[in-house]
Amino acid sequence: MKPLVSDSPHIRGKRTTRGIMLDVLIALLPATVVGCIYFGGAAVASIAISIAAAVVSEVVFRLIKREKIKDILAKFDLTSVVTGLLLALTLPPQAPWYVPLLSSVFAVVVVKMLFGGTGKNIVNPAITGRVFAFIAFQSVMVSGWIAPSIGAISPVAATGASGAVSTGATELTSMLGGNELSVSLLDLFLGTGVAGSIGETCKLALLIGGVYLVVRRVIKWEYPVIYIVVTGLVASAIGKDIGLFLPSILSGGLFLGAIFMATDYVTSPHTRAANWIYMALLGVVTAALRAATKIEVVSFAILLMNFFVPLFNAYLRPRVFGAPSFAAKLKSKLAAAREKRSAAGKEDAQ
Amino acid sequence: MKIKTKFFSRGVHIDDKKSLSSGSPIRELSAPPAVEIALSQHIGKAAVPVVAVGDVVDRGQLIAEADGAVSANVHASISGKVVAIEKRPLPRGGSCDCVVIEGDGSDRVRTLPPLGELTRESVIGRIREAGIVGMGGAGFPTAVKLSPRTPVDTLIVNGAECEPYLTCDYRLMIEKTDELVRGIRLLALALGVERIIVAIEKNKPDAIAKFDAVQGMAVAELRKRYPMGSEKHLIYACTGRKVAPGKLPADVGVVVQNVATAFAVYEAVELGMPLTSRVVTVSGEAIQVPANLRARIGTSFRTLLDECGGESDDASVYIDGGPMMGATLLSTDYSTRKTDSGILVLTPRQASISAPTACIHCGRCAEVCPMHLLPMDIDFYTLAEDYAAARDRGGALNCIECGSCAYVCPANRALVQSIQMCKKKLREVKS
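For the record, the sequence lines run as chains H and Y. Letter 9 of the first sequence, counting from 1, is numbered 9 in this note's numbering, and no numbers are missing. Letter 3 of the second sequence, counting from 1, is numbered 3 in this note's numbering, and no numbers are missing.
Each hint should be verified, as a subset may be incorrect.
What the hints assert, rightly or not - With a straight-line cut-off of 27 angstroms between C-alpha atoms, the simulated DSS-like cross-links for lysine-lysine are:
#1 H:2 - H:70
#2 Y:242 - Y:202
#3 Y:6 - H:220
#4 H:70 - H:120
#5 Y:247 - Y:87
#6 Y:425 - H:120
#7 H:331 - Y:247
#8 Y:247 - Y:4
#9 H:120 - Y:423
#10 Y:202 - H:14
#11 H:331 - Y:176
#12 Y:87 - H:340
#13 Y:202 - H:333
#14 Y:6 - Y:425
#15 Y:6 - H:329
#16 Y:45 - Y:87
#17 Y:242 - H:329
#18 H:220 - Y:425
#19 Y:242 - H:333
Hints are computed from structural coordinates only; laboratory data are not their basis.
Given only the sequences and the hints, what does the whole structure look like? Please build it.
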C-alpha cells in the first residue's frame with residue numbers, strides 16, 4: 001500500500017458532525033413519540049412533511065449548485081433532518097399541510113443554504129422557520145389550538161377535563177392574559193390536557209432528551225438550566241410572585257427552545273463563559289417579551305439573540321494561558337503611574 | 001519524594017497505545033553499513049562540515065562544527081569513509097547538507113578526553129562539544145538553554161512523554177535510572193540549581209517508583225492528559241508558575257530538559273561519548289514487532305522498520321515522531337536525527353484520513369486548547385487571508401501546535417495546518 005499523507009494530528013477523536021446530529025435526533029425521539037400520541041395523525045403528517053421538505057430542499061439546492069450526487073450523499077450530515085424535525089415540533093398540531101411544508105423549505109433554503117450551508121447560517125433555521133410560519137400563517141398559528149387526546153390528570157377547572165376538544169388558547173397565553181391555570185403543575189410537566197405545539201407540551205420527554213444530550217456531551221448541562229431558571233426568576237420578579245416560577249417555565253415552548261434550540265452550536269457563542277451570559281440574557285429577554293406581548297415568544301427571543309452572537313464571539317474571548325489577568329494588568333499600570341509620580345515629585349524637590 | 005502537582009483544565013484524554021512497545025527493552029543496534037548524517041538537526045544554523053569526501057572517520061569524531069552560538073556540533077556515528085557531502089531531503093520537509101559515511105565494519109571509537117574537574121563551565125563546554133540538543137523533539141542546543149539570561153532556581157526533567165505510542169523515554173527511565181540520575185545531577189550543576197523535579201505521567205508507575213527512591217530529587221506525578229509534556233504546562237503542573245506569552249521558562253526561574261537529553265549529557269561527560277545514537281520507538285498497529293531501538297544517528301528509517309519485522313500489508317500512514325505532532329512520511333528513505341523519538345506506522349483504521357467538512361462552531365477546539373486560544377477563529381480568518389485578525393482575535397502566535405483542537409474537531413478540520421500557515425504568513429509580513 002502506498003503511504004498516505006495526513007495532517008497532524010494523525011489520530012482523531014471519534015466525534016463527527018453526523019454523529020452529533022444523530023445524537024440530537026435520538027434526543028428528540030421521546031418528544032416526537034409523545035407528540036404523535038397526544039396529537040395523533042395530524043402531528044405525524046406534519047412531522048413527516050416537514051422532514052421530507054427539509055431534506056428534499058437541501059438536495060435540490062445542491063443539485064442546482066451542480067454538486068455531484070455522490071458528494072451530496074457523502075456530505076449529507078443530517079442537519080436538515082434535525083431542522084425539519086425541530087421545526088415540526090414547534091408547529092401547532094392543527095396547522096394545515098402547507099404550513100410545515102413551506103416553513104421547512106424556507107428554513108433550509110433561505111436561512112441555511114443561501115448563507116452557505118451547514119455552519120454558515122446566522123440564525124437558527126428551525127426557529128426562523130417557525131417565526132416565518134407565525135408571520136405568514138398567523139391565523140392558524142395563534143388560534144384553534146387542540147387539546148391532546150390524553151386529558152388532564154388533575155384538572156383545576158372543569159373546562160380542561162375532556163379530550164380532543166378545541167380550546168381557544170394554550171395554557172401559557174391564558175396565563176399571560178391573567179387567567180388562572182386550568183390544569184395542575186403536574187399536567188403542565190407531562191403535557192396531559194395541555195394544548196400547544198406538537199413537541200413542546202411534554203416537559204418530561206424533553207427533559208429525557210436533554211439528559212441524553214448532556215450524557216453524550218453534546219451540550220453542557222448549564223446552558224438550558226441557566227436559560228430556564230433565569231426565565232422563571234425574571235417572570236416571577238415581573239409578576240412580583242415567586243409562585244409564577246414553575247408555571248412560567250413549565251408552560252409554552254421554553255424547554256424545547258432551551259434544550260434544543262438555544263444550544264444550537266452554529267448560532268450560540270463559542271466559549272463556555274460566553275454561553276453562560278448568553279443563556280442568562282436569553283432568559284431575561286424571553287420573560288420580558290412574554291410579559292410585554294402576552295404571547296409565547298421563545299422563538300422570537302432566540303432569533304433576536306442569535307443576531308448578537310457575533311458580538312459575544314468578538315468581545316468575550318478567553319485569556320491566553322499565562323497572560324496577566326485584567327486585575328493584574330491594572331495593578332501594574334497603577335504601580336507604574338505611582339512610580340512615575342514619585343519620580344516626578346523627587347525631581348521637583350531637587 | 002513526591003510533590004504536589006497542579007492540573008491544567010484543558011487538553012484531551014487520548015488512548016496512549018503505549019502498551020504496544022512499553023514492554024520491549026531497549027535493543028542496541030549494531031553499526032549499520034552506512035549512515036546519512038544531516039548537518040541541520042537542531043534549531044539554528046546548520047553545522048559546517050570539517051571533513052571532506054574520502055576522509056576516514058571514527059565513531060565520535062567531529063564531522064561538522066557549530067556555526068555560531070545557536071547551532072550544534074555533529075559527529076560521525078560509525079567508523080568508515082566519507083563518501084558524499086550533499087543535499088538530501090529531510091523527513092519534515094526541505095533538505096540540507098548531509099554527510100554520508102560508508103562503514104568499515106570495525107566501529108572504532110574516538111571519545112572526548114576525560115573532563116577532570118566538574119564545574120559549571122566545563123560541563124556546559126562539554127555539552128556544547130558533544131553536540132547535544134533537546135531530544136524531546138525541538139532540538140534546541142542544550143548548552144544555550146543551560147546559560148539563561150535570568151536567574152534560575154529549578155530544573156524540571158521532562159519524562160511526561162504525553163504523545164501516544166512513544167515509549168523511548170519510559171524505557172530509558174526504567175532501564176538506565178542510575179545513568180539518568182547522574183546526567184540530571186550534571187544538568188543541575190551546569191545550571192547551578194538545587195531544586196530538581198522529575199516530571200512523569202501517572203501511566204508510568206514503575207518509572208515514578210524508581211525516581212521516587214532517588215535522594216535529592218522530587219518526583220511530580222502528573223495526571224495523564226495530553227499535552228502534559230508541553231513546556232509551559234509542565235512548568236505550571238510542577239511549580240504553579242505560569243510562563244506569560246512571549247516569555248521563556250527561564251523568566252519564571254525554570255529550565256526544562258528531556259530525559260533523553262539528560263542521558264546524552266551523562267554519556268558525554270562521564271564516558272566522553274558525543275551524541276551519536278538515541279533511542280527510537282518504532283511502533284504502530286502496522287508494525288509487526290514494535291520495539292525501542294538504540295540506533296546510531298543517521299541510520300535509515302528502512303533499517304529501523306526492518307529491525308522490527310517490517311510493516312503489515314495494511315500499513316498506510318508513516319509518521320516521523322508522535323501521532324499528535326509528528327509529520328507523515330511519503331517514503332522511508334530518510335535517516336534518523338537527534339530529535340527523532342519515534343517512527344510510527346498506522347493502519348487506515350487508526351489514522352485519520354477523512355476529508356474535512358464545514359465548521360459547526362461547536363466550540364470543542366476552544367474548550368480543549370491548552371493555551372486558551374480560539375482555533376476556529378484562527379482557521380476562519382486564515383482561510384479568509386486576514387492574518388492580523390487571526391493573530392488578534394484567535395491568538396495564533398501563542399499556539400504550541402499540540403493538535404488537541406484538531407483531535408476533538410467533529411468536522412475533521414485541518415486546524416493545526418491553518419495555524420501554521422497563519423504563523424508563516426505573519427512572519428513573512430514581519431521580515
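A quick look at each hint next to the structure:
Distance check on the hinted pair: residue 2 of chain H and residue 70 of chain H sit about 25 angstroms apart at the alpha-carbon level, within 27 angstroms; holds. A hinted pair counts as satisfied when its Cα atoms are at most 27 angstroms apart, and residue 242 of chain Y with residue 202 of chain Y qualifies at roughly 22 angstroms. Straight-line distance between C-alpha atoms of residue 6 of chain Y and residue 220 of chain H comes to about 25 angstroms, which keeps the hinted pair within the 27 angstroms bound. Distance hint between residue 70 of chain H and residue 120 of chain H is fulfilled; the C-alpha atoms sit about 22 angstroms from each other, no more than 27 angstroms.
A threshold of 27 angstroms between alpha carbons decides the hint, and for residue 247 of chain Y with residue 87 of chain Y the separation of about 35 angstroms lies outside it, so the pair is violated. In summary, the hint linking residue 425 of chain Y to residue 120 of chain H is supported, as the alpha carbons are separated by about 26 angstroms, within the 27 angstroms threshold. Under the criterion of a C-alpha separation no larger than 27 angstroms, the hint pairing residue 331 of chain H with residue 247 of chain Y is consistent with the structure, at around 20 angstroms. For the hint linking residue 247 of chain Y to residue 4 of chain Y, the alpha-carbon distance of about 25 angstroms falls within 27 angstroms, and the restraint holds.
A hinted pair counts as satisfied when its Cα atoms are at most 27 angstroms apart, and residue 120 of chain H with residue 423 of chain Y qualifies at roughly 25 angstroms. Simply put, residue 202 of chain Y and residue 14 of chain H have alpha-carbon atoms about 24 angstroms apart, close enough for the 27 angstroms limit, and the pair holds. At roughly 49 angstroms between alpha-carbon atoms, residue 331 of chain H and residue 176 of chain Y are farther apart than 27 angstroms, so this suggested pair is violated. A hinted pair counts as satisfied when its Cα atoms are at most 27 angstroms apart, and residue 87 of chain Y with residue 340 of chain H does not qualify at roughly 57 angstroms.
Taking the CA atoms of residue 202 of chain Y and residue 333 of chain H, the gap is near 42 angstroms; set against the 27 angstroms cutoff, the hint is violated. Using a Cα cut-off of 27 angstroms, the hinted pair residue 6 of chain Y and residue 425 of chain Y is violated, with the two alpha carbons roughly 36 angstroms apart. This hinted pair checks out: residue 6 of chain Y and residue 329 of chain H have alpha carbons roughly 24 angstroms apart, not beyond 27 angstroms. In summary, the hint linking residue 45 of chain Y to residue 87 of chain Y is supported, as the alpha carbons are separated by about 15 angstroms, within the 27 angstroms threshold.
Our distance criterion of 27 angstroms between C-alpha atoms is met by residue 242 of chain Y and residue 329 of chain H, whose separation comes to about 15 angstroms. For the proposed pair residue 220 of chain H and residue 425 of chain Y, the alpha carbon gap of about 36 angstroms is over 27 angstroms, so the pair is violated. At most 27 angstroms may separate the alpha-carbon atoms for a hinted pair to count; residue 242 of chain Y and residue 333 of chain H meet this at roughly 20 angstroms.
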